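Going line by line, the protein sequences match chains A and B. Quick note: the first sequence uses my numbering, first residue 1, plus one each step. Quick note: the second sequence uses my numbering, first residue 1, plus one each step.
Because the hints were derived from the structure by calculation, they are not lab data. This structure is a prediction, so every number in the text was calculated from the model and none was measured. Even for Gly, the Cβ is constructed at its ideal location relative to N, Cα and C. Heads up, a few of these hints could be off.
Said to hold, decoys possible - Straight-line alpha carbon distances no greater than 27 Å define the calculated DSSO-like cross-link-like pairs of lysine-lysine that follow:
| id | chain 1 | residue 1 | chain 2 | residue 2 |
| --- | --- | --- | --- | --- |
| 1 | A | Lys312 | A | Lys133 |
| 2 | A | Lys133 | B | Lys13 |
| 3 | B | Lys176 | A | Lys27 |
| 4 | B | Lys176 | A | Lys133 |
As the list claims (entries may be wrong) - The calculated label-pair distances, taken between Cβ atoms and stated as ranges, are:
| id | chain 1 | residue 1 | chain 2 | residue 2 | range |
| --- | --- | --- | --- | --- | --- |
| 5 | A | Arg25 | B | Gly130 | 31 to 37 Å |
| 6 | A | Gly168 | B | Glu156 | 42 to 48 Å |
| 7 | A | Arg195 | B | Arg5 | 23 to 29 Å |
| 8 | A | Thr257 | B | Arg291 | 48 to 54 Å |
| 9 | B | Thr48 | A | Ala302 | 45 to 51 Å |
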Amino acid sequence: MDKAVAAMQDGISARQPTVAAIGARRKARQRRELVIESGLFLAALVSVAATVTILAILFSESLGFFKTVPLIDFLTDTLWTPLFANPHYGILPLLAGTVVTSMVGLLVAIPLGTVSAIYLSEFASSRTRETIKPVLELLGAVPTIVYGYFALLVVTPALQTLWSDLPGFNMLGPGIVIGIMILPLVISLSEDAMRAVPMVLREGSYAVGATRLQTAWRVVVPAATSGLVAAYVLGVSRAVGETMVVAIAAGQNPNLTWNPMEPAATITAYIVQVALGDLPHGSIGYQSIFAAGLVLAVMTFAFNMLGHIMRKRFREIY
Amino acid sequence: MLRRRKRTEAMFKIVGIGSLALAIGTLALLFGALVVEGASRIDWQFLTSFPSRRAMQAGVLPALVGSSLIMLVTAVVGIPLGVAAAIYLEEYARRTWLTELIEVTVTNLAGVPSIIFGLLALGLFVYILGLGASILTAGLTLALLILPVVIVTTREAIRAIPVQIREAAFALGATKWQTVSHHVLPYSAAGILTGIILSLSRAIGETAPIVTIGALTFIAFLPPAPFTDQPPFLSFEWLMSPFTVMPIQMFAWVSRPGADFASNAAAAGLLLVCMTFAMNGLAIYVRYRMRKRVSW
Chain A
1 MDKAVAAMQD
11 GISARQPTVA
21 AIGARRKARQ
31 RRELVIESGL
41 FLAALVSVAA
51 TVTILAILFS
61 ESLGFFKTVP
71 LIDFLTDTLW
81 TPLFANPHYG
91 ILPLLAGTVV
101 TSMVGLLVAI
111 PLGTVSAIYL
121 SEFASSRTRE
131 TIKPVLELLG
141 AVPTIVYGYF
151 ALLVVTPALQ
161 TLWSDLPGFN
171 MLGPGIVIGI
181 MILPLVISLS
191 EDAMRAVPMV
201 LREGSYAVGA
211 TRLQTAWRVV
221 VPAATSGLVA
231 AYVLGVSRAV
241 GETMVVAIAA
251 GQNPNLTWNP
261 MEPAATITAY
271 IVQVALGDLP
281 HGSIGYQSIF
291 AAGLVLAVMT
301 FAFNMLGHIM
311 RKRFREIY
Chain B
1 MLRRRKRTEA
11 MFKIVGIGSL
21 ALAIGTLALL
31 FGALVVEGAS
41 RIDWQFLTSF
51 PSRRAMQAGV
61 LPALVGSSLI
71 MLVTAVVGIP
81 LGVAAAIYLE
91 EYARRTWLTE
101 LIEVTVTNLA
111 GVPSIIFGLL
121 ALGLFVYILG
131 LGASILTAGL
141 TLALLILPVV
151 IVTTREAIRA
161 IPVQIREAAF
171 ALGATKWQTV
181 SHHVLPYSAA
191 GILTGIILSL
201 SRAIGETAPI
211 VTIGALTFIA
221 FLPPAPFTDQ
231 PPFLSFEWLM
241 SPFTVMPIQM
251 FAWVSRPGAD
261 FASNAAAAGL
271 LLVCMTFAMN
281 GLAIYVRYRM
291 RKRVSW
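In isolation and in its complexed conformation, chain A is listed as follows (with noise of 0.2 Å):
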């Protein structure tokens, strides 16, 4: 037993290493420490190169474009006709195409998704939850090209059976799809957002007497305003970016009208129609789809900010 402990003191006094050793091993390890700290912060910064290269090379095109063109005209003409003889570049009915089709969504995501998100944030019960936010997630990972070819070959030649004289490319169809879309979005966000409000309020509304659906109206809906309207907003920011639903079924004819029974071209339709042909680089063509992609851009940030504003606002009370 004790030539065990003797050997095994042996062998631990032979392993130990000199004081100078010890040093030149912590120095390594040191620098090994510092050389990984260094390039996991180079992989964090690719998100912030990212973004400002995004900034860059769309205010960049951007430029070479407002050289051309006054900016004047690009925010009041109202005609986009960039690649005609005679070319006109209003911003106007580009913007009114993606307006009307993501007003189409909103008008479908945000009463199904607020009815829907009240009834499983406060009603459902919680293996209802858990069974039916799956399926929404899987609504939410269809492909996007897919949902372009339900809203041109479904859900338009379902529209025409209501009202005969509707084109085969208009707006309402793919607004429609749109709204189904973005509806997992907002009721996710939604659902967040009720969940967050406390319990005790809801007791205490119980307690006064009111029912489920009062308190859900009258006490949970209120208390989670914020976070609704942020849901609302990141659901119009998805709606404004949503590109192939709108280039395959909404037509690719810029044209200015607040009536969605009628084709007309979204900004992000007009970029893939122009990236589909062969415009040459430098080219006020080419240089179009980015002065196109800044307003979108700008449009998305803005309601992106807002958004997360308001989703910091609730968080914030509770």
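Using the hints, position chain B against chain A.
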């Protein structure tokens, strides 16, 4: 009065279930439409043929190969970058303005429409770096696109590891990186994996950025093989090859008139939806297993 209240209550429940049913019903309708139109088109010939002017002879082989190769580039570039950035933000970063800036840009990138990533790629990769409309360009574009998703999900997975685990490792003399690589990462692997699968499933269906960089819609050849019979036996020529992907192929068919091409589009859509559903199903399963197993 009580009865009336109960009736409104019941009615609201019906409305709530109805609106959820409408959402889920749409999903079923969409899937059903694809199956009815496209399922009969999917056969060996469809999977192994090149696109053709004649709808019935056309196939998705270049698109399948293109999608796979681009996913490979996206995964190789996007996943390490995203996971590393998440580790930095969760484990290393001190509260400085720079950290704040990184976090703001990540949130912001997550909300940028995918077509803007296409414009970025068109300006940067295609023209400034001169990579052209190649597999490499497409892969890098999608890698940037999935970056915020990977970062956010990885951070969530890492944050779920209790701080005691780290303290125990530090107490035994482990360095920060040893703690991260021996403990934090292995324990959060399932959560990270879920995020990776979901982000790739999003990337595989992306169309807009790939259209914007100028992908071809009609490709009658495959990229050069990655293996050669000459030493060094590996070739990266395929990275610079023109390509098409599943969503672009579907887009090309949707845009063409004629019922035959519509059914080709449906078949391509069905394949695409099945791929994304399979990936999402896998992610849900991994997450479910993880929840069951972990008990801190």
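How the hints compare with the structure:
no., hint, verdict
1, A:Lys312 with A:Lys133, "holds, 23 Å"
2, A:Lys133 with B:Lys13, "holds, 17 Å"
3, B:Lys176 with A:Lys27, "holds, 15 Å"
4, B:Lys176 with A:Lys133, "violated, 37 Å"
5, A:Arg25 with B:Gly130: 31 to 37 Å, "violated, 46 Å"
6, A:Gly168 with B:Glu156: 42 to 48 Å, "holds, 44 Å"
7, A:Arg195 with B:Arg5: 23 to 29 Å, "holds, 24 Å"
8, A:Thr257 with B:Arg291: 48 to 54 Å, "holds, 50 Å"
9, B:Thr48 with A:Ala302: 45 to 51 Å, "holds, 48 Å"
Taken one by one, the earlier hints fail for this structure at numbers 4 and 5, listed in ascending order.
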